[in-house]
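Please build the complete structure, drawing on both the sequences and the hints.
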Amino acid sequence: MKDKLIEIIKEAGEIMKEGYFCKKDITFKAKKDLVTQYDLAIENFLKEKFENEFKDFNVIAEESDNTSKIFSNSIIVDPIDGTTNFVNKVPHTAISVGVYKDKKPFIGIVYNPILNQLFYAIANEGAYCNDEKIEVSDENDFQKALLSTGFPYSSGSCEDDLNDVMKKMKNVLPKCQDIRRLGSAALDLCYVANGTYEGFYEMNLKAWDVSAGLIILQEAGGKVSNIDGNEYKLFENKYIVASNNKIHKDLIKTLNL
Numbered sequence: 001m002k003d004k005l006i007e008i009i010k011e012a013g014e015i016m017k018e019g020y021f022c023k024k025d026i027t028f029k030a031k032k033d034l035v036t037q038y039d040l041a042i043e044n045f046l047k048e049k050f051e052n053e054f055k056d057f058n059v060i061a062e063e064s065d066n067t068s069k070i071f072s073n074s075i076i077v078d079p080i081d082g083t084t085n086f087v088n089k090v091p092h093t094a095i096s097v098g099v100y101k102d103k104k105p106f107i108g109i110v111y112n113p114i115l116n117q118l119f120y121a122i123a124n125e126g127a128y129c130n131d132e133k134i135e136v137s138d139e140n141d142f143q144k145a146l147l148s149t150g151f152p153y154s155s156g157s158c159e160d161d162l163n164d165v166m167k168k169m170k171n172v173l174p175k176c177q178d179i180r181r182l183g184s185a186a187l188d189l190c191y192v193a194n195g196t197y198e199g200f201y202e203m204n205l206k207a208w209d210v211s212a213g214l215i216i217l218q219e220a221g222g223k224v225s226n227i228d229g230n231e232y233k234l235f236e237n238k239y240i241v242a243s244n245n246k247i248h249k250d251l252i253k254t255l256n257l
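Residue numbering for the sequence shown follows the working numbering, beginning at 1 and increasing consecutively.
Don't read these hints as lab results, they were simulated from the structure.
Backbone N, C-alpha and C define an ideal beta-carbon position, used for all residues, glycine too.
Among the clues, some could well be false.
[Stated by the list, open to error] Quick list of simulated restraints, FRET-style, between CB atoms: (1) Lys103 with Leu173: 33 to 39 Å; (2) Lys2 with Asp160: 36 to 42 Å; (3) Asp131 with Glu11: 17 to 23 Å; (4) Ser68 with Leu257: 19 to 25 Å; (5) Ser64 with Pro174: 39 to 45 Å; (6) Arg180 with Ser157: 21 to 27 Å; (7) Asp3 with Asn140: 35 to 41 Å; (8) Met169 with Asp228: 17 to 23 Å; (9) Asn171 with Lys206: 38 to 44 Å.
[To be verified] Think about it this way: if two alpha-carbon atoms lie no more than 25 Å apart in a straight line, the pair counts; the simulated DSS-like pairs of lysine-lysine are: (10) Lys238 with Lys253; (11) Lys249 with Lys238; (12) Lys17 with Lys55; (13) Lys249 with Lys167; (14) Lys103 with Lys47; (15) Lys206 with Lys249; (16) Lys238 with Lys101.
Put into structure tokens, the structure is as follows:
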């Protein structure tokens, strides 16, 4: 299944590369939440291919009406994670596809065709980037940890979310090496998986933002939880916290100051 998924996703990557260098038609789902014709084109392409090829799975996709979809045996699709980057030609943008069996992670694929990075993992078989095995960083000193985060779209309209983001930034930044904000949660999780970052946290992410990346990170030896340090549940938790496992307790503690 993995090889066929990758074949289809690479085909969709050609649409993404074409769109990256072209002028986009942009509409807004919310104040800061934009969508382009390429998000829709890639999603429609992937849905049609997946529904024809993998009939035992339903497809839950970002730009679609998912109200009748039950999360169980599911392929969760983000056609362009990092659409703002995509629009502005910032190369940190990717197609994210997470496959779940009985709500359990099975396969994760994150593909950035602009930088030619293909991350993937199968449950219990390790994590890879461009067919080379990847593992998390072995750094265990939180003060030396490079972290990543993201700012929720709701920060433009919800003062509580904005205040929470800034409070956590003020708590975390002095205690770690530094914080990066590249604008793609799927890739942030993969960069923790390959040892670039030691940790990542963000609020208000959707299942399609993280469904693939969290599998890849866990298979690379990392840890994913909610902000209380308990199991992270797709479609339920407000915060995701991810790390190389070695600085996880310190990250959780600092976020909750």
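Distance restraint between Lys238 and Lys101, which requires alpha-carbon spacing of 25 Å or less: Roughly 23 Å separates the two Cα atoms, so the pair holds.
Tell me if the straight-line CA distance from Lys103 to Lys47 falls inside 25 Å. Holds, because 19 Å separates the two Cα atoms, which is no more than 25 Å.
Determine whether the Cβ-Cβ distance between Asp3 and Asn140 falls within the hinted range of 35 to 41 Å. Taking Cβ atoms as reference, Asp3 and Asn140 lie about 36 Å apart, which means the hint holds.
So if I understand the rule, the pair passes when the alpha-carbon distance is 25 Å or less; does Lys17 with Lys55 pass? violated (28 Å)
Outcome of range test on Cβ distance (Ser68, Leu257; 19 to 25 Å): violated (42 Å)
Taking 39 to 45 Å as the hint, is the beta-carbon distance of Ser64 and Pro174 inside that range? Hint holds: Cβ distance 42 Å, inside 39 to 45 Å.
So the hint says 33 to 39 Å: do the beta-carbon atoms of Lys103 and Leu173 match that? Because 35 Å falls inside the window, the suggested range holds.
With the threshold set at 25 Å, check whether the alpha-carbon distance from Lys206 to Lys249 stays at or below it. Cα-Cα ~24 Å, so holds.
Is it true that the C-beta distance of Arg180 to Ser157 lies inside 21 to 27 Å, as the hint says? holds (25 Å)
Given a hint of 17 to 23 Å, does the C-beta separation of Met169 and Asp228 actually sit inside it? holds (19 Å)
Does the Cβ pair Asn171, Lys206 satisfy 38 to 44 Å? violated (25 Å)
Tell me if the beta carbons of Asp131 and Glu11 are separated by a distance inside 17 to 23 Å. Given about 18 Å between the Cβ atoms, the range holds.
Consistency note: the structure conflicts with the earlier hints numbered 4, 9 and 12.
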